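Sequence order for the protein chains is L and X.
Counting in our numbering, the first sequence runs from 686 upward without gaps.
Counting in our numbering, the second sequence runs from 529 upward without gaps.
Any given hint could turn out to be false.
Stated by the list, open to error - Residues from chain L that keep clear of chain X, each with C-beta distances beyond 12 Å, as calculated:
(1) Ala755
(2) Val819
(3) Ala821
Claimed, not checked - Residues on chain X that point at chain L, a partial pick, calculated with CB under 7 Å:
(4) Ser628
(5) Gly640
(6) Gly685
(7) Ile695
(8) Ala699
(9) Ala728
(10) Ala744
(11) Ala746
(12) Phe748
(13) Gly750
None of these hints come from the bench; they were simulated from the model.
The structure displayed is predicted, hence computed values, not measured ones.
A virtual CB, placed ideally from N, CA and C, is assigned to each residue, including glycine.
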Amino acid sequence: MRHLVTANALAAAALAPATARADSEETVLAVHLTSILPQEGTHAGADGVGAELRFFDDDEMMTGGFSAFAAFGRQGADERRDVLDVRFHLAMKPEDAGRVAPYAGVGLDLLHVTTHLPGPDAMTARGTTLGVSVEAGVMGKASRRWFYRASVGYLGAIVPGTGDDLGGVVVQLGVGRMIDD
Amino acid sequence: MRRACSAAASGLILFFAGTAAAKPQRELQEVEIPPEAPAPLVVATEPQPTPPPPDVEPYEPPYDPTYDQSHYALPTTPIRDDYPRESALLVASAVHGWLSQPAGVESFGGGGALSMGFVQRDGDFPTGVDLSAVMVRGQGGAVYDLSFRIIGSPKLGRRVLVPFAAIGLCAGASRIEVAGDGDAKTMDEASWGLALGPSAALGLHGFLSDKLYWRAQAGFLGAGAGLYTADVALGVVVGK
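Please put together the full structure from these sequences, using the hints given.
So this is what it looks like as structure tokens:
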């Protein structure tokens, strides 16, 4: 009998924090590193930073939010592209997945692209365009306060000024905090 | 007493089982109950082992400014929660801009911005909105943008230093003077136009006093020229 009481007390103590956070819906403010992988013969790739406001619920299959990044083009033999991006995105993940939630989603992107063409016909083209993105990865709560996300995606758009295909593989690694407590 | 109870229980069980009449009753035998074992000797000065406390994080109740703490026997630390739950702001900023050039990102020029903002100091999401008119002029041209951003931030309350992210849209006019080799430092050619684009920033903000707000941020205005910006701002709370 004494062991039963002890076990009950320990179980209640262990479950108390989880019960306190029974409201599993969170708003996350995250920062992330972004890399647009280079395409040989087209562009030299770009690296940058971004921020994200995300709604995340352990118990729901939908997640989404707003994000933005600025990626600075690498110097190289190919085109150098600086990409400024604001994205509204939605994604689906398994229900009841809080710690490790694989996901896949789509986004609508508003982009500003500055393109520097190298060589004898050097020129600079600047402009705004719309794009579509798809991404897949994993996200979740690393602890009570911290959130993480890692994804690989593809950003599809037409580069303003040159008419090239922006098409680039985008890798993002992010970390953030829950901000609605 | 125990034997009486045992006998009564046995009788009841046998009665309900319907076997009382079928089987001959056995006589109860005397059973000798062994004396209780003596309690172990405890030395008064010997410390008693105590179980370690469970390794769990303490429960923190959600913040509730209306929660009545008057029932506590001891006085609690006074916490000022008499700030408004939301504030309208008028903010002036000093802005510096950088522009992407063939050789890299180079300084473009400086200017200012005037913003109207609204923040929920105890809210969840969105924490606020910001409407800014940004004017940056330099030797290589000028950028005039109107930017609208949603602000996401941990609860501001009365705090001085809180990180935030602002994401939105901007629209505006820009003029860039460009040389034949693509360098914006000379005035061989000029390109200008009106455009819509993305806008975002990452920074720190907070309240210096009941009426004074500050902000420092780095971001971009992606309309027309595509300007990277950094600004420092001071604002006042308008109204209550």
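So, going through the hints one by one against the coordinates:
1. Ala755: 5 Å, violated
2. Val819: L/Val819 is indeed farther than 12 Å from all Cβ atoms of chain X, at 19 Å.
3. Ala821: 22 Å, holds
4. Ser628: Result: holds, 4 Å to nearest chain L Cβ.
5. Gly640: It is violated, given that the least Cβ distance between X/Gly640 and chain L is near 22 Å, above 7 Å.
6. Gly685: Status violated, d = 12 Å.
7. Ile695: Holds - the Cβ of X/Ile695 comes within 7 Å of chain L, reaching about 5 Å at its closest.
8. Ala699: 10 Å, violated
9. Ala728: 3 Å, holds
10. Ala744: 15 Å, violated
11. Ala746: Cβ of X/Ala746 sits 9 Å from chain L, so the hint is violated.
12. Phe748: OK, holds: X/Phe748 within 7 Å of chain L, min 5 Å.
13. Gly750: With a closest approach of 3 Å, the X/Gly750 hint holds.
In this structure, the hints that do not hold are numbers 1, 5, 6, 8, 10, 11, in rising order.
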